[in-house]
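Asks: Sequence:
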Amino acid sequence: METSQSIDPCTRDASSAPPSCPDTACDLVTVPTRQGLEAVDILRRGVGDAVGPVLHDGGGDTLGFLVPPGTAAAWDMPGSTCTETDRRGLRPSPLSPVEGSDWLLPPGDADLATDPAVLRAALGEAARLIEVADNCR
6 METSQSIDPC
16 TRDASSAPPS
26 CPDTACDLVT
36 VPTRQGLEAV
46 DILRRGVGDA
56 VGPVLHDGGG
66 DTLGFLVPPG
76 TAAAWDMPGS
86 TCTETDRRGL
96 RPSPLSPVEG
106 SDWLLPPGDA
116 DLATDPAVLR
126 AALGEAARLI
136 EVADNCR
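Numbering of the sequence shown is given in the working numbering, commencing with residue 6 and proceeding in unit increments.
Derived by calculation from the structure, the hints in this document are not laboratory data. There may be inaccurate statements among the hints.
Pairwise CB distance ranges (calculated) [unchecked claim]: (1) Ala78 / Gly113: 23 to 29 Å; (2) Glu104 / Leu42: 18 to 24 Å; (3) Ile135 / Gly51: 24 to 30 Å; (4) Gly65 / Cys141: 34 to 40 Å; (5) Ala78 / Glu136: 14 to 20 Å.
Cβ coordinates follow ideal geometry from the N, Cα and C atoms, glycine included.
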């Protein structure tokens with residue numbers, strides 16, 4: 006059960022366009038690979054453009070979800086971090102933006118970012134699925 010609450014700077018209704026990373030650059034939510042892969046599966050089973058570009062590190066330890074700038078200011082999901090790129094970093098590009106990483110889901114033509122509220126819900130569901138699976142062993 007999640008007890009923390011956040012004010013999400015990027016909430017939107019289902020009829021609006023998916024969030025994007027403008028010219029300023031995206032923030033990056035980093036999670037352990039296992040939870041991130043579960044979340045990607047959950048997001049891809051959803052409707053619409055639920056998941057934006059996703060990076061994986063060369064060591065296979067983490068996944069990074071591109072989210073709209075400003076997300077880091079309100080991000081508080083346990084087990085993850087959100088890094089503010091402060092206009093220095095991640096811009097959706099087919100080339101890997103960080104040495105030693107590569108795209109799990111590369112940016113598409115629209116350069117969409119993952120909606121932080123949708124990502125938060127998927128990460129929570131992924132954590133619960135992993136806990137259940139681990140307790141069944």
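Asks: Determine for every hint whether it applies to the structure shown.
Replies: Now for the hints, and whether the structure bears them out:
At about 26 Å, the beta-carbon gap between Ala78 and Gly113 stays in the expected band of 23 to 29 Å. As the Cβ distance of Glu104 to Leu42 is approximately 22 Å, the hint placing it in 18 to 24 Å holds. For the pair Ile135 and Gly51, the supplied restraint of 24 to 30 Å is violated, since their beta-carbon distance comes to about 19 Å. Between Gly65 and Cys141, the C-beta spacing of about 24 Å breaks the proposed range 34 to 40 Å.
Look at Ala78 against Glu136: about 29 Å separates their beta carbons, and that is not inside 14 to 20 Å.
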